[in-house]
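Number of protein chains: 2
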Amino acid sequence: MHPLSRRDFLAGSVAALAAARIQPATASSKTIGYCIVGLGRVSIGYFLPGLKYAPSARPVAIVSRDPRIAAIIARRYGIAPRHIYGYADFDRIADNREIDAVYIALPNALHAEYTIRAARAGKHVLCEKPMSAQVEQAERMVAACRSAGRKLMIAYRCQYEPATLRARQLVRAGRLGRPLVITARFGFDISPSFRLMGETRPEWRLQRALAGGGPLMDVGIYCLNASRFITGQEPAGIQAESSSQPGDPRFRQVEENLAWSMRFPSGLAAACATSYGVSLGESFELSGSRNASLRMDPAYGYASHRLQVTGGGAPLDFQPDFSGHRQFGAEAEHFARCILENRTPRSPGEEGLRDMRLIARIYAAARRT
Amino acid sequence: MHPLSRRDFLAGSVAALAAARIQPATASSKTIGYCIVGLGRVSIGYFLPGLKYAPSARPVAIVSRDPRIAAIIARRYGIAPRHIYGYADFDRIADNREIDAVYIALPNALHAEYTIRAARAGKHVLCEKPMSAQVEQAERMVAACRSAGRKLMIAYRCQYEPATLRARQLVRAGRLGRPLVITARFGFDISPSFRLMGETRPEWRLQRALAGGGPLMDVGIYCLNASRFITGQEPAGIQAESSSQPGDPRFRQVEENLAWSMRFPSGLAAACATSYGVSLGESFELSGSRNASLRMDPAYGYASHRLQVTGGGAPLDFQPDFSGHRQFGAEAEHFARCILENRTPRSPGEEGLRDMRLIARIYAAARRT
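So the protein lines, in turn, are chains H and D.
If you use the working numbering, the first sequence corresponds to residues 1 to 369, in order.
If you use the working numbering, the second sequence corresponds to residues 1 to 369, in order.
Any given hint could turn out to be false.
Label-pair ranges, simulated between beta-carbon atoms [stated by the list, open to error]:
1. H/Gly281 to D/Arg140: 40 to 48 Å
2. D/Ala303 to H/Leu316: 20 to 28 Å
3. D/Glu136 to H/Asp189: 43 to 51 Å
Simulated coverage check for chain D against chain H, where a stretch passes if three residues somewhere in it have a Cβ under 8 Å from a Cβ of chain H [to be verified]:
4. 240-248
5. 252-266
6. 277-290
These are calculated hints, taken from the structure and not from any lab test.
Yeah, the Cβ is synthetic: ideal placement off N, Cα and C, and Gly gets one too.
All chains, full assembly: derive it from the sequences and hints.
Following this line, the structure appears as structure tokens:
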């Protein structure tokens, strides 16, 4: 489907390929048809263009409430007009045999409904993070996909990114010694509205009913997930404090700033911060008992991530050429291969559910004070 | 007293002088005689050599349990042998009119006893941080100095250091906008023993009875104090998680790692980390609503501190030549001038007591989970 992108892809660094565990599709491979559910900033700007880096995947359908934007995007990706759906006729995707999987990029509170409807329509589901707006929704998503016999993967992009994978491998191989302290931050100054395809829209991430929470749900979750993914440990204790500037209309419904502390059973402590009020950059630092440290910066966003390691051996400075589109391509490819080979994704629904439960604990801790 | 050092001092940068608010002593000035209580790493390595940068101060007496080391140090600083005291005859300092003030550099748990005895002996007290091992001790110290009519200052070295003072001034002038998020870390890999003047001694900082706690008491306190000092705000909510590697004999009595979160009433959140298990460097970062950030690194130790500011105006990179000895000299000078001019020190006992109460809340929060 993507001869040019296949060439681009194969030209990528061997290390990146190996780290991301992407296998180039063979000529005889079937490819997975994705239906894009929700045409917003992520699907238009990243997921769809990223598919050129997913040799086992191709876009075949669209679900959108906006016929104008849907028509533009469908034309851009050679999607047939009859494969454009609205939310009212969403369940008709069941009849479209070209659709193997859906990619859900809706506001958080809608993830559960459309994941469950997609599974019932017989489709596998790749759902954006955070998995949902509430724990109970995430539980229903896992149950629905299980009972429908469909795969569910949460789009933890970083878990398919070579620098993150390298960090995880080094930590688990003991390069830093025993992990002792994590500090991580991710925050930005959010606008009350955004532009999309010539239109101005209000920021749904500031509406509790749609987002379920503030920066923790949106960007803080990266710090949380990286802490778990890179160390392979689950937090045993969580405490948190959140704060908002009085009078800022953006933060009437969701928190502005949040700092949280975690304790892991092995003796690791983590201090994390997130914000919708100010850029905190996007860093992840882990220090271990060999007096060695790992720093990722940028660690989470759409620029190529960078991993630096000092102590415990020769210094390492690893920044694979793997920015946003390739990151989205890698996760789309992973899920496509899981479907083709009947494997469980690295970040299944249960992984998203774990974060949702931890996020609920963080919010509960912040409310307690 | 120190003609060479006076010249060194006057050669220092004007900015540093202004920031540290040190006024060169005039020829007619009286100087303050310090009695050094406790000859350990800090007093031998930093405070005493730092006095050459304190034109209004001079060392006049020593209290030590070790006659050999006391004799060496007395000779080095021209202190008369009759001005060397032991702890048994400590109260005799009352009779030494050359002693205006004591500098207390003992293990934390001994601060209260010797502060109170010094005040009763009619001496002003400059006491190392942390102020004490327990809140109740700190309260007694404040009360004893007040009732004796003697000044009490806690040796918050950074509050007399030009980069910290510049940071505080910029933040309070609104350069960053409203302070939103702080992240701060200070930690190191502690040895179970240390060398002093040719002897190996066990590390008292790992003994709960002497230290009162672990890295939070020793180095984490810098993150806490900087958060309060630079913003001028007091935390309203505090949460914490601490952790220790099982089996490490260093951490039988005190915590190894500690992460804590703070909320300030104005809408500021802070995420801090400290460790005795691994170096975390020594950084302080503050981001504000003008999408401007301040980073201090190094922020707390004996190297010259560095302040970098981005956003909210022209970038700033300020690293005054003001390493350890000058920092100790600046605080010794400040206290000497306060005594000479009958002023209240910038970091009085009440300031140390505030930190002690917050530290107790951090430990209580960490124990709760």
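Each hint tested on the structure:
Checked against the given bound of 40 to 48 Å, the beta carbons of H/Gly281 and D/Arg140, roughly 45 Å apart, stay inside it. The given range of 20 to 28 Å is respected by D/Ala303 and H/Leu316, whose C-beta atoms sit roughly 26 Å from each other. Look at D/Glu136 against H/Asp189: about 44 Å separates their beta carbons, and that is inside 43 to 51 Å. Evaluation of the coverage hint for the region 240-248 of chain D: fulfilled, as 7 residues show C-beta separations to chain H shorter than 8 Å, against a requirement of three.
Residues of the region 252-266 of chain D lying with their CB closer than 8 Å to a CB of chain H number 10, which satisfies the three-residue condition for coverage. Residues of the region 277-290 of chain D lying with their CB closer than 8 Å to a CB of chain H number 7, which satisfies the three-residue condition for coverage.
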